[in-house]
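Enquirer: Chain by chain, the residues run as shown.
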Amino acid sequence: MPRIIVDVMPKPEILDPQGKAIAGALQRLGQTGFSAVRQGKRFELTVDGEVTEEVLEQARHAAVTLLSNPVIEDVTRVEVVKDATIGVSE
Amino acid sequence: MSETPLIGDFSPAPDAGLSGARIGVITFPGTLDDADAARAVRLAGGTAVSLWHGDHDLQGVDAVILPGGFSYGDYLRAGAISRFAPVMEQVVDGAKGGLPVLGICNGFQVLTEAHLLPGSMIKNNHLHFVCRDQKLRVENNSTAWTAEYAAGSEIVVPLKNQDGQYVADEKTLDELEGEGRVVFRYVDVNPNGSRRDIAGITNAAGNVVGLMPHPEHAVEAGYGPDSSAFGPVGVRGGTDGLGMFTSVLKKIVGAN
Chain A
1 MPRIIVDVMP
11 KPEILDPQGK
21 AIAGALQRLG
31 QTGFSAVRQG
41 KRFELTVDGE
51 VTEEVLEQAR
61 HAAVTLLSNP
71 VIEDVTRVEV
81 VKDATIGVSE
Chain B
1 MSETPLIGDF
11 SPAPDAGLSG
21 ARIGVITFPG
31 TLDDADAARA
41 VRLAGGTAVS
51 LWHGDHDLQG
61 VDAVILPGGF
71 SYGDYLRAGA
81 ISRFAPVMEQ
91 VVDGAKGGLP
101 VLGICNGFQV
111 LTEAHLLPGS
121 MIKNNHLHFV
131 CRDQKLRVEN
141 NSTAWTAEYA
151 AGSEIVVPLK
161 NQDGQYVADE
171 KTLDELEGEG
181 RVVFRYVDVN
191 PNGSRRDIAG
201 ITNAAGNVVG
211 LMPHPEHAVE
221 AGYGPDSSAF
231 GPVGVRGGTD
241 GLGMFTSVLK
251 KIVGAN
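These protein sequence lines are chains A and B, in that order. Heads up: the first sequence runs through residues 1 to 90, numbered per the UniProt record's numbering. Heads up: the second sequence runs through residues 1 to 256, numbered per the UniProt record's numbering.
In short, the hints are calculated from the structure, not lab data. Quick caveat, the model's predicted, so the values are computed rather than measured. Just so it is clear, CB atoms sit at the ideal spot from N, CA and C, and this is done for glycine as well. Be aware that one or more of the hints could be misleading.
Computed far set for chain A versus chain B, every beta-carbon distance over 10 Å [unchecked claim]:
(1) Asp7
(2) Met9
(3) Ala23
(4) Arg28
(5) Gly30
(6) Val37
(7) Arg38
(8) Glu44
(9) Glu50
(10) Thr52
(11) Gln58
(12) Val75
(13) Arg77
(14) Val80
(15) Lys82
Taking lysine to any residue and the SDA-like style, the derived pairs with C-alpha atoms no more than 20 Å apart in a straight line are [to be verified]:
(16) A/Lys41 x B/Leu76
(17) B/Lys171 x B/Asn203
(18) A/Lys11 x B/Gly193
(19) B/Lys171 x A/Val71
(20) A/Lys11 x B/Gly119
(21) A/Lys20 x B/Arg195
Let's have the full structure, built from the sequences with the hints guiding it.
Expert: As structure tokens, this is what we get:
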């Protein structure tokens with residue numbers, strides 16, 4: 001079944017305390033190739049049947065009403081993927 | 001209903017004339033401090049009414065408290081799912097019509113998610129849960145919930161949170177400051193990295209107030225903080241939070 005992927009990231013101007021802690025942990029592990037980490041959220045919305053424009057519009061609406069808080073977060077992706085691509089690099 | 005003292009009657013008797021004021025306290029799945037908030041209402045002399053998140057019904061109460069806790073386990077974002085609870089439709093409508101609404105901690109988070117108050121709360125800047133007796137300054141005593149305090153006075157109430165860092169964009173922060181809508185500010189220590197030391201804010205009308213610290217845990221001698229900003233108190237003798245509840249009760253019965 002197709003799924004709609006929604007990615008949500010903290011706004012660039014908002015300090016991301018979790019990302020900062022992860023960056024610190026990477027440094028301590030000797031993985032020093034990264035200058036910063038920001039942590040976001042990924043939602044996978046499963047659709048029964050075909051993903052119509054109407055369903056996609058519903059997903060876009062859900063992304064900005066429930067899945068993210070526009071005060072602190074940006075929706076960075078709303079995209080349909082085929083089931084086979086879930087869990088592997090897209 | 002009068003409240004039976006737990007160990008001994010150290011607190012002054014509440015004003016009997018306030019018992020006609022009915023304050024609703026909403027319970028969401030995962031709410032923790034509803035019983036404490038209801039007890040605070042009773043200790044201040046009012047009548048507490050339990051409200052359920054799943055009902056489209058405020059039972060005709062004169063004011064509403066959204067208490068602290070971890071509603072819906074803080075899943076998604078703190079307050080994000082509770083904001084869509086059936087009872088919130090009535091809370092939002094009521095708030096827009098002037099109903100006094102107080103959001104404490106998780107309740108504050110629900111009020112921001114419901115767009116009744118601007119800004120949002122993110123994880124504490126130091127990433128740790130914090131629990132301490134916190135000094136606050138009352139910056140605005142013209143709200144429904146702060147009229148009992150002198151402007152600029154300080155109070156000590158417990159603070160306990162994980163996601164307590166208040167954030168908003170600079171324009172919103174400037175508006176809040178310019179319109180006198182910062183109600184409480186952290187004093188001595190900023191415990192969570194909140195912008196401009198903001199601990200609590202109000203809407204433009206002054207009927208909706210949200211704050212991260214817990215006034216309902218500082219209402220009864222013997223069970224409050226070990227200190228008070230009003231002078232020396234005995235062990236756990238701090239009752240600086242009680243004024244928030246008497247403020248709204250007096251407003252409702254027309255004594256303020």
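Enquirer: All hints, please: hold or fail.
Expert: Here's how the hints hold up against the structure:
{"no.": "1", "hint": "Asp7", "verdict": "holds (14 Å)"}
{"no.": "2", "hint": "Met9", "verdict": "holds (13 Å)"}
{"no.": "3", "hint": "Ala23", "verdict": "holds (12 Å)"}
{"no.": "4", "hint": "Arg28", "verdict": "holds (15 Å)"}
{"no.": "5", "hint": "Gly30", "verdict": "holds (22 Å)"}
{"no.": "6", "hint": "Val37", "verdict": "holds (13 Å)"}
{"no.": "7", "hint": "Arg38", "verdict": "holds (13 Å)"}
{"no.": "8", "hint": "Glu44", "verdict": "holds (14 Å)"}
{"no.": "9", "hint": "Glu50", "verdict": "holds (27 Å)"}
{"no.": "10", "hint": "Thr52", "verdict": "holds (25 Å)"}
{"no.": "11", "hint": "Gln58", "verdict": "holds (15 Å)"}
{"no.": "12", "hint": "Val75", "verdict": "holds (14 Å)"}
{"no.": "13", "hint": "Arg77", "verdict": "holds (17 Å)"}
{"no.": "14", "hint": "Val80", "verdict": "holds (22 Å)"}
{"no.": "15", "hint": "Lys82", "verdict": "holds (26 Å)"}
{"no.": "16", "hint": "A/Lys41 x B/Leu76", "verdict": "holds (9 Å)"}
{"no.": "17", "hint": "B/Lys171 x B/Asn203", "verdict": "holds (15 Å)"}
{"no.": "18", "hint": "A/Lys11 x B/Gly193", "verdict": "holds (17 Å)"}
{"no.": "19", "hint": "B/Lys171 x A/Val71", "verdict": "holds (12 Å)"}
{"no.": "20", "hint": "A/Lys11 x B/Gly119", "verdict": "holds (13 Å)"}
{"no.": "21", "hint": "A/Lys20 x B/Arg195", "verdict": "holds (18 Å)"}
In terms of the numbered hints stated before, the structure departs from none.
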